[in-house]
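Enquirer: Letter by letter, the chains look like this.
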Amino acid sequence: MQHLDSGSGFAELGLRVAETLARLQSARHVTVGCSAKRAVLQLGKTTLYQYLPLSATPAAARPLLICFALVNRPYVLDLQPDRSLIRRLLEAGLAVYLIDWGEPEDADRHTELADYIEDQLGGCVRHVLQAHGSESLDLLGVCQGGVLALCYAALHAAQVARLITLTTPVDFHTPENLLSRWVRGVDTELLAACGNVPGELLNALFLALRPLRLTQEKYVRLLTSRPDQRAVEDFVRMERWIFDSPPQAASALAQFVRWFYQDNALMRGGLRLRGRAVELRHITQPLLNLYALDDHIVPASACAALRGRTGSSDYSECALRTGHIGMYVSRAGREQVPQRIVSWLGARAAARS
Amino acid sequence: METPFSTGGFGSQETYAASAQRFFELLRGFGAAAPAGAGSARDWSQLSGPLAAQFEHWLRLSQSAGPWFGSPLSAGMGPGAAGAAGWSFGPLPVGAAAVERPEAQRVWELLTRLAQLQSRLAVYWGEVARVAAQRFVARAGAPPAAPSAEESLRLYQQWVECAEEAYAETARSEDFARLQSELANVSAALLVEQRRHAESLVRAFGLPTRSEVDSLYARLKELDRRLNELAERATGATPARAKPAGAKRRARAASRPRRGR
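Quick mapping for you: the protein sequence lines, in order, are chains A and B.
Counting in this note's numbering, the first sequence tops out at residue 353, every number present.
Counting in this note's numbering, the second sequence tops out at residue 1261, every number present.
These are calculated hints, taken from the structure and not from any lab test.
Model, not experiment: these values are computed from the prediction.
A portion of the hints provided could be inaccurate.
Unchecked claim - Derived DEER-like restraints, expressed as beta-carbon distance ranges:
id, chain 1, residue 1, chain 2, residue 2, range
1, B, T1209, A, V40, 37 to 45 Å
2, A, V40, B, L1220, 21 to 29 Å
3, A, G270, B, D1175, 25 to 33 Å
Said to hold, decoys possible - From chain B, some residues computed to sit far from chain A (all C-beta separations above 10 Å):
id, residue
4, F1023
5, G1095
6, E1103
7, A1142
8, Q1157
9, A1171
10, A1177
11, R1203
12, A1204
13, L1207
14, R1226
Claimed, not checked - Covered by chain A, according to a simulated footprint, are these stretches of chain B (three or more residues, beta-carbon under 8 Å):
id, region
15, 1158-1166
16, 1182-1194
17, 1212-1222
Yeah, the Cβ is synthetic: ideal placement off N, Cα and C, and Gly gets one too.
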């Protein structure tokens, strides 16, 4: 407060800052995660969670499996009761499963994308199918997890009844993709040789896309906006999620950079997983593509590229005026994303019956 | 031990406190640019230099090696720190030590290259800061006599917009993108050399090295894969990755829990 030595403007701002700081102190121990779940499968570091239904799930409900990104923790989808995509899906009566990739150790540095997609995502799919006595499930891929989901759906079309992608990049070479420009010349063999990459490093990379906004302005906005205690707690929960990033298995990350950011393999083709070609045109399921128009990490153009690239004759998309994280927690995202998913699934379930 | 991978990054708490401090420094700057009284000639142009300097200073601190890696120079590996704990370049080149050690030469070349790249990065930060400050001065209009809280916040937002615009213009250039990739590559190469050095020390004590563990792990992984294939064949199921999906019976067979990895 020693900075506030002159002027009524300073004095007023100083008061606001002091209030917010006091609230921040009280918000130090906020918790994240709100919906009851149980682990039903462990595959290496990967855990498959089943969310407990809020009411009796209709017996015919097809399970929905959520495949989250490797680079962040999935609890952003169930942050708190009023900011929980998962809770909204449960309220709609869906049987929801979530893949948590866990925290790779040094021994996991050779885990490859094929391991994640075929063994771990595939293992979770097979487990859910068995548990529900079903031939297929609905798959929701989030961000990088959407890329994994696209690969899986292309390779195992019959196991995925309907596919939903949320802020999922497909064309990694659109002009707006700053991240892609920066990593285009990275030596991925060298990257893999360095071992697992700490989450902090990837965070620094994401923050460097808009450094002043993401490391300065957002704090100033919080400090000076007179947020109430609840708003401060919401902010702290998001901070916790943003800075709580798992390390990345070296081989998988290097492959992701090379195949998608550098080679743009989903668009150009040529991607093979364990000898099998991954082609978007092999995706024939009904497909819902949700993305954000103001996304600085996964530009809207990178997501919209999915349109017309698959073999699906039932393609829908929805673009919201929000940012990347806003798709999960902003007012627009909270209101529209679950509603779109539920109504889209419902319409196709009705058509099926 | 700190490594090029142990980036300082953006610690939430430190960042928060620093942003508050910088915010008030900026507001002071805005206040200083305001006219002291009627007829005063003070204007925003007086702020341009300090504003650019403050922004450049921040960019240098927060983005010293780009976002990729914490600066190896700060990890006791810089040219001036040769011989520091954890990063020895060995004895003087006399006697047996006079035999050339290519790895030491390689490290020296990498450090030199890193310093060159960081110098290039610093030039960019200077340019970004200069453009941002000029843009702010051009857009801000006449400074208010005594900025209110709301006016101060408006000016701050305007400054952020100008700074982000200037940053984005540079960050999107091909040359800057190449520089970022090269910084990542040189930092990664330094890390590999650092580990090689550490392995040679570990080997001297008869301890297993990372390379040996990696080799064993690769063999285990391959054995694990073969074991899964054999188990699936033994039960009559087609291996999962070649299975034509859709048949419930096959899906059940393939969903048996697998060995942990």
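Enquirer: Could you let me know if the closest chain A CB is still more than 10 Å away from the CB of L1207(B)?
Expert: Holds: least Cβ distance 15 Å, greater than 10 Å.
Enquirer: Please settle this one: A1177(B) was flagged as non-interface, so is its CB more than 10 Å from every CB on chain A?
Expert: 4 Å, violated
Enquirer: In this structure, is the beta-carbon distance linking V40(A) and L1220(B) contained in 21 to 29 Å?
Expert: 26 Å, holds
Enquirer: Would you check chain A against the region 1182-1194 of chain B, counting CB to CB pairs closer than 8 Å, and say if three or more residues qualify?
Expert: holds (count 7)
Enquirer: Would you say R1226(B) is clear of chain A, with no C-beta pair closer than or equal to 10 Å?
Expert: 14 Å, holds
Enquirer: Mind checking, does the region 1158-1166 of chain B have 3 or more residues with a CB under 8 Å from chain A?
Expert: Since three or more residues must qualify, the claim that chain A covers the region 1158-1166 of chain B holds, with 3 doing so at under 8 Å.
Enquirer: Indicate whether the distance between the beta carbons of T1209(B) and V40(A) respects the range 37 to 45 Å.
Expert: Check passed, 39 Å falls within 37 to 45 Å.
Enquirer: Does the claim that G1095(B) lies off the interface hold, with its Cβ farther than 10 Å from every Cβ of chain A?
Expert: 33 Å, holds
Enquirer: Regarding the assertion that A1204(B) does not contact chain A, is the least Cβ-Cβ distance greater than 10 Å?
Expert: 21 Å, holds
Enquirer: Using the beta carbons of G270(A) and D1175(B), state whether their distance is inside 25 to 33 Å or not.
Expert: 29 Å, holds
Enquirer: Just to make sure I understand the rule, a stretch counts as covered if three or more of its residues have a C-beta closer than 8 Å to a C-beta of the chain. Does the region 1212-1222 of chain B meet that for chain A?
Expert: Check passed, 5 qualifying residues.
Enquirer: Verify that the Cβ of R1203(B) lies farther than 10 Å from every Cβ atom of chain A, and report whether the claim holds or is violated.
Expert: It holds; R1203(B) is separated from chain A by about 18 Å at its closest Cβ, greater than 10 Å.
Violated hints for the displayed structure, listed by number in ascending order: 4, 8, 9 and 10.
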